[in-house]
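Colleague: One letter stands for each residue in the lines below.
Number of protein chains: 2
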Amino acid sequence: MKKVRVFAPASIANMGCGFDVIGLALDEVGDILEITASEGDGLTITNISGVPIPEDIEMNVITPVVRSFLRKIGQKAQIDVVICEKIYPGSGIGSSAASSAAAAYGMNELFGCPLSDEEVVVCAMEGENLASGGYHADNAAPAVMGGIVLIRGYEPLDLIQLPVPGNFYCAVVHPHIVVSTKEAREILPKAVPMHDAVRQWGNVGGLVAGLCTGNIKLIGHSMQDFVAEPYRKQFIPGFDELRKKILATGALAMNISGSGPSVFALCDHKAIADASGKILKEHFDAMGTGCEVYVVKVSNKGAKLTHLTI
Amino acid sequence: MKKVRVFAPASIANMGCGFDVIGLALDEVGDILEITASEGDGLTITNISGVPIPEDIEMNVITPVVRSFLRKIGQKAQIDVVICEKIYPGSGIGSSAASSAAAAYGMNELFGCPLSDEEVVVCAMEGENLASGGYHADNAAPAVMGGIVLIRGYEPLDLIQLPVPGNFYCAVVHPHIVVSTKEAREILPKAVPMHDAVRQWGNVGGLVAGLCTGNIKLIGHSMQDFVAEPYRKQFIPGFDELRKKILATGALAMNISGSGPSVFALCDHKAIADASGKILKEHFDAMGTGCEVYVVKVSNKGAKLTHLTI
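If you read the sequences in order, they're chains H and Y.
If you count by the working numbering, then the first sequence holds residues 248 to 557, one letter each, in order.
If you count by the working numbering, then the second sequence holds residues 248 to 557, one letter each, in order.
Bear in mind the hints are in silico, worked out from the structure with no lab data behind them.
Incorrect hints may appear among the rest.
What the hints assert, rightly or not - Derived lysine to any residue pairs resembling SDA-like cross-links, with alpha carbons at most 25 Å apart:
id : chain 1 : residue 1 : chain 2 : residue 2
1  : Y       : K548      : H       : N462
2  : Y       : K464      : H       : E366
3  : H       : K464      : Y       : D405
4  : H       : K480      : Y       : H442
5  : Y       : K491      : H       : P403
6  : Y       : K517      : Y       : V542
7  : Y       : K464      : H       : S363
8  : H       : K480      : Y       : G400
As the list claims (entries may be wrong) - Partner residues are not named here, just some residues of chain H that face chain Y (Cβ under 8 Å, in silico):
id : residue
9  : I398
10 : L435
11 : K437
12 : P440
13 : N450
14 : A456
15 : C459
16 : S469
What the hints assert, rightly or not - With the C-beta cut set under 8 Å, the calculated list includes, among others, these residues of chain Y facing chain H:
id : residue
17 : V268
18 : I407
19 : L435
20 : A438
21 : W448
22 : G452
23 : S469
Ideal Cβ placement from N, Cα and C applies to all residues, glycine included.
The following block holds chain H by itself, in its conformation from the complex (with noise of 0.2 Å):
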């Protein structure tokens, strides 16, 4: 028998304009999990966190991760997973994705590390799938990796760990909305007018090279979204306005947090980031919707043992 408990960050994917291409892993805040191998074949989940998840195996994302992990080492094991601490789904700061990549990166310390990063990663998105329908890696790899994490293609997946200049913090705000996955994506455009399309990739160059070259106003002038912002804004009762207030504080960006409803703020002090974060509640708070706010370094940690057991 052989015992990990694993951490995973939570995780902002699109970070504004890299719409299904980047994420950033966050410090503190994240999923915990203990996960024990034994002789045998099977699987038992079992949820101490008092986060309500489905109680269904099938329907949790750490199943199809660890059967995936299984298949691809060729071996057979009875796997028992404890959730010990756990993101709120739904929260907009990749819930599923720190399970996902908890378990994944778990599985890996458990069995000897047979699996680079990006295969990590890749078992890690069989979660994600699960989650939203769709095989993406824009929370998976930063919560798998740390940092912040271009996912360059798919085909195959070319994964590049981009520097973090400075300290970087984030205000996060979960307002009590519900939006799911499915109908934030629903609600984007099949084709995006090229005109969109080229300020889209002229920005991902900017942010890019902002982040190597640790120009900071870059990186915030940069991460301004044409591609899925204009659509998902309504889902967030005054955006627009809430965004005028945050960028006073002299915040370098607010955009939504993956496909939403939270919002974040990206900011280069932490002092920045208390106010955002004083803001993005009042707003939420003077609309009468509760909400949840954080205020947390931007990490250059991904997942990571915190405890091992033989």
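Mind docking chain Y on chain H? Use the hints.
Modeller: Here is chain Y on its own, set in the frame of chain H:
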């Protein structure tokens, strides 16, 4: 009376995936202008390059550049331009941009450099607008500034000079096929399917990351263009087979230069660029299509003063 002799280089727009947002400057090949400013109010253009260009001054890209420069600085002058050397129009390596950049840069030098680099590019874009009916900077910016330039956005113009790692060479072929920029633009769809758009900005991110971090392989992988090339390659007979042969030499990528019909191979060794140049020539020779081939270094130098008389 004051006189300058200026050079502005040829350039390659798009660099594959960076449709309308990336361009690179070439070494040695380019336009040379002599510009004289004296008291008065008028413009003459004399062409001694031997390359046929429109005789009507209103059809010459230099004219709107000179006028916009003088308007911008609020001065009148008699300007006499002599075109000493000229890239063949329609060659697909930024012929109009080289003239426009040389004129804008030369005027700025003549009048004591009142404009910033970006403002000089804005002047040069007046020439691009006359040539192709659009304010594009993807040839004009590298022709003025040198190196590889990202046009992050046009509203306002935001130019980012990207690092040029190592010794990059381009083998460029100009096959004698007539494709107007207008025709090459009209064949493109008005909207990009979301799937292709995502792949394109993943590649733009990869290209910029590769340039910034000196990851040569990443640069090559990222240059694939999903947006313009699938339509424009039909103007270039045998494009796909040609690329296979070029990549077999060790070239990093082969793409259409700007709107075509020129094609270039990006290489990180002179010997590979020479081998690629040979294959490019053989390909069009075998088809009975005349062509010129250049093998030139990617330049970090843009427009420059070669002589000044006061």
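Colleague: Now, for every hint given, state plainly whether the structure supports it.
Modeller: Hints, verified against the model:
About 23 Å separates the Cα atoms of Y:K548 and H:N462, which keeps this hinted pair within 25 Å; it holds. With a C-alpha separation of about 20 Å, the suggested pair Y:K464 and H:E366 falls inside the 25 Å cut-off, and the hint holds. At most 25 Å may separate the alpha-carbon atoms for a hinted pair to count; H:K464 and Y:D405 meet this at roughly 12 Å. With a CA separation close to 21 Å, the supplied pair H:K480 and Y:H442 stays within the 25 Å bound.
A hinted pair counts as satisfied when its Cα atoms are at most 25 Å apart, and Y:K491 with H:P403 qualifies at roughly 19 Å. For the hint linking Y:K517 to Y:V542, the alpha-carbon distance of about 8 Å falls within 25 Å, and the restraint holds. Annotation: proposed proximity of Y:K464 to H:S363 holds, straight-line Cα distance about 20 Å (limit 25 Å). In summary, the hint linking H:K480 to Y:G400 is supported, as the alpha carbons are separated by about 22 Å, within the 25 Å threshold.
Below 8 Å, beta-carbon pairs count as interface contacts, and H:I398 has one with chain Y at about 6 Å; its hint therefore holds. The criterion of a C-beta within 8 Å of any C-beta in chain Y is met by H:L435, whose closest approach is roughly 7 Å, and the hint holds. Here the hint on H:K437 is kept, as its CB sits about 6 Å from the closest CB of chain Y, short of 8 Å. A hinted interface residue such as H:P440 counts as satisfied when its beta carbon comes closer than 8 Å to some beta carbon of chain Y; here the least separation is about 5 Å, so the hint holds.
Using the Cβ-Cβ criterion of 8 Å, the hint placing H:N450 at the interface with chain Y is satisfied: the shortest such distance is roughly 7 Å. With a least beta-carbon distance of about 5 Å to chain Y, the hint placing H:A456 at the interface is held under the 8 Å criterion. Hint status for H:C459 relative to chain Y: holds, with the closest Cβ pair at about 3 Å, below 8 Å. Interface restraint check: H:S469 against chain Y, minimum CB-CB distance 6 Å, threshold 8 Å, status holds.
Look at Y:V268: its Cβ gets to within about 4 Å of chain H, closer than 8 Å, so that hint holds up. Residue-level restraint check for Y:I407 holds (minimum Cβ-Cβ distance to chain H is 5 Å; threshold 8 Å). The interface hint given for Y:L435 holds, since its Cβ lies 7 Å from the closest Cβ of chain H, which is under the 8 Å cut-off. The beta carbon of Y:A438 comes within 4 Å of a beta carbon in chain H, closer than 8 Å, and the hint placing it at the interface holds.
Given hint, Y:W448 at the interface with chain H, holds; its Cβ is 4 Å from that chain's nearest Cβ, closer than 8 Å. At its closest, the beta carbon of Y:G452 sits 5 Å from a beta carbon of chain H; the interface hint therefore holds under the 8 Å criterion. Because the smallest distance between the Cβ of Y:S469 and any Cβ of chain H comes to about 6 Å, under 8 Å, the interface hint for this residue holds.
Violation of the numbered hints given earlier is absent; every hint is satisfied by the structure.
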